[in-house]
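Chemist: As a plain string of letters, each chain reads:
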Amino acid sequence: MRSLRELSVDQQVALLFLILGGALVLLTSAAVVMALRGASSPERALHHDHFRRELSALWVGASVFWLAWVSGPLGATLLFGVVSFLALREFITLMHTRRSDHRSLLLAFFAVLPLQYAIVGGRWFDLFTVFIPVYVFLALPMASALAGDPERFLERNAKIQWGIMVCVYGLSHAPALLLLEFPRYEGRGAFLLFFLVVVASSAQIVQQAAGRRLRRRPVARQISRDFSLRSWFLGAFTAAWIGAALYWITPFKAGQALAIGFIAAGAGTLGELVMKALKRDAGVLYWGNRSSVTGAVGLLDRVAPLCFAAPVFFHSVRWYFRV
Amino acid sequence: MGLLLAFIARLVTGAQGHWQGCPPKAEQRIYFANHQSHLDWVLIWAALPGDLRAGTRPIAARDYWTAGRFKHWITREVFNAVYVTRQRTDDEDPLDPLAEALANGDSLVIFPEGTRSSKGEPQPFKSGLYHLAERFPGVQLIPAWIDNVQRVMPKGEVVPVPILCTVTFGPPMTLTPGEEKRAFLERARAAVIAQRPRSA
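Keeping their order, the protein sequence lines are chains A and B.
The numbering of the first sequence is the numbering used here, which starts it at 1 and goes up by one.
The numbering of the second sequence is the numbering used here, which starts it at 324 and goes up by one.
Keep in mind that the hints were calculated from the coordinates and are not lab data.
Treat the hints with caution; some may be incorrect.
For the chain A half of the interface with chain B, some residues (derived, Cβ under 8 Å), not all of them [stated by the list, open to error]:
| hint | residue |
| --- | --- |
| 1 | His-50 |
| 2 | Arg-53 |
| 3 | Arg-99 |
| 4 | Phe-109 |
The beta-carbon is built from N, C-alpha and C at its ideal position, and this holds for glycine as well.
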């Protein structure tokens, strides 16, 4: 592992993409073989279909991530800005907003979102961490009050605030990682982001698979039947080990990578549970439920773990290493 | 310009077309839908596949949409709108421009309510749809329901908020021989309402 750390940035990048691309190609060929053999029962067929959907999402995710990587910090910030926009759009669609929310929503989409990403791009990290929790938190209800509609005032504002917090604030920590500067680690922020994405998504995959296999008592039956404490722990634990195996691309030591991987992965899968609860509340199973009003693409489903894992990861890294 | 506009419409609203009752085909059609906002036409237009857009034309009220230079330009150059006169005069039938467009082989999008309604249910349909169906029996009549658009741009606002919208296209309907005007319009209105998605 140590010898891996000594490689140049380009060599490390090439190696990572070989690993990632290889894994994806393997999975895809497995899917092709499965499709050729045909399904033995309708239930299996459904399972295969689900697997194929997840796989294509994985491909899309990997390609987007690769794009973010090659386009550098500025491009990545823009890219995540667009993802953030689409996620917030999906979120707001499912919330019941009223006509008088129009101005606050405009503010959220066309002022808060671009400003937050501009702040990330400018590396003003102090402002970046307080801009939405402090200033926007106070400004939005003001705009809302000026619209003069008292009905369900708190509820409406809370929904918009929450959406901004998750879809904009949470997600904007992902490009911020790219721009975080560690001593003796310049220009390698992309590896941190890669680390986070790999850890968060592997935790999600393992947790789901474990939840389906283990058949443990779910902690929150009303929200998710797959989510048990043990499956959560298994997901975070496996992800932490994957993180530790990747320590050579990060500025961490192996033990630190393990701990930080565990924190980020645990936060991500718990965040997914929160989003599930929210979906139940809105009355849909997926954000991209085909029969629902919205016809959304289910982007929010994919980025939800990242929205929760990124801020936790970012701030634990920042405090622990005092950067 | 048209492509840019369609891209913006898709970015802001998604503009997803759900072809429930018929495939998107290059046949001559009259789409009729509920009307809640100025964006309705843009949404239907953006939900159509690119190659159908050029042959599908909206109806624009002449007095309103030729008033300003920009309004005139966008309806004439970008959307290729068919202008109709809202005031009825004795010597001309307001449906004549529409009939002419249909005779040319163009498809039309009409909002038979005649005006924008902000309440959930569409208002009773005006009779223009019936007369067109009577004169052009070969043209398919496609009911469509536009959902969520009133949240994107409520009446009186100018900047749209990004919220996902869908357009659901239903099965084609035809005028049965000897059907009375009132009955046909009521059936058409029911067909539009039937396309409304089961909301969550």
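Chemist: Compare the structure with each hint and give your call.
Modeler: We went through each hint and held it up to the structure:
1. His-50: Violated - the Cβ of His-50 of chain A stays beyond 8 Å from chain B, reaching only about 21 Å at its closest.
2. Arg-53: Hint on Arg-53 of chain A: violated, closest Cβ of chain B at ~18 Å, above 8 Å.
3. Arg-99: Holds - the Cβ of Arg-99 of chain A comes within 8 Å of chain B, reaching about 5 Å at its closest.
4. Phe-109: OK, holds: Phe-109 of chain A within 8 Å of chain B, min 6 Å.
Hint check: violations occur at hints 1, 2; the rest are consistent with the structure.
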